[in-house]
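Asks: What follows is the residue order along each chain.
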Amino acid sequence: RQQRSRRLRQLRRLALGQGDFQLRDTAGAARSKADFLGRWVLLYFGFTHCPDVCPEELEKLSRAVELLERDPALPPLQPLFVTVDPERDDAAALQRYLRDFHPRLLGLTGTPEQVRAAASAFRVYVSAGPRDADGDYVVDHSVLTFLVDPDGVFRDCYGRSRTAEEVARSVRGHMDAYEPLPP
Amino acid sequence: CSGMAAPTKAERTACWGARDEFWQCLDSHGDDAAKCEKLRRAFESRCPQQWVKHFDKRRDFLKYKKKLETEGYSPPEAAGKA
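These protein sequence lines are chains A and B, in that order.
The opening position of the first sequence corresponds to residue 1 in UniProt numbering, with each subsequent residue numbered one higher.
The opening position of the second sequence corresponds to residue 1 in UniProt numbering, with each subsequent residue numbered one higher.
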């Protein structure tokens, strides 16, 4: 019915507006959520000067993606890393940091305003701590990995307590249950 | 800009190793930091100062959490006006 397809088009517009971002990847290309439509996305917010949590969560994310890649029947999954420390985490810093993790893990950075907007769109708490004598600081932030479906609809989020296997199992469940919004 | 690059994976691993050695020493000496000075210095030399602070807080938190789990929670005594 016309009403149903109007409703679905509304949902698609809402999905694009919800959790959208305007950032730059490590090759310098502008990226927004629209660029990732058609793929599942697993997105983590962190920073390269992070003492322990971010490397651990990125290991976990990488492992979850690897587990899912083993099944060729599953749709493609794009891992993303968004910095919460744009002052220090430029493209070069992100490239250096992310090469220790999944080869397809893509880093996104931007101006402080763009990063603030992206974090806000995902309701991620970000708070840079005080600088020490060397100008070093840590950034306190929510530790969450978000799952976004190929229509750009937010589907789930995973915290510290989930293992890679649990994340993979959950993502697979969402993939199996997924019904695309009609164009 | 602090001008310092973020620690590499190798540097992270070395820092975590030094931290774990220091913490193991504390564990076997009832948290007597005086008995673990050498490992403390090694830990501080292997990790950015910000990380040392972070891990010190983490250790305090873990100890507190353990205390809650084993002893249960007792509210601080009201010893007059603070």
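No lab work stands behind these hints, which were simulated from the structure alone.
There may be inaccurate statements among the hints.
Residues from chain A that face chain B, not an exhaustive set, calculated with beta carbons under 10 Å [stated by the list, open to error]:
1. P51
2. R99
3. H102
As the structure is a prediction and not an experimental result, all values here were calculated from the model.
Glycine residues also receive a C-beta, built at the ideal position from the N, C-alpha and C atoms.
Asks: All hints are to be evaluated individually against the structure, with a verdict given for each.
Replies: Checked hints:
{"no.": "1", "hint": "P51", "in the structure": "holds, 4 Å"}
{"no.": "2", "hint": "R99", "in the structure": "holds, 9 Å"}
{"no.": "3", "hint": "H102", "in the structure": "violated, 14 Å"}
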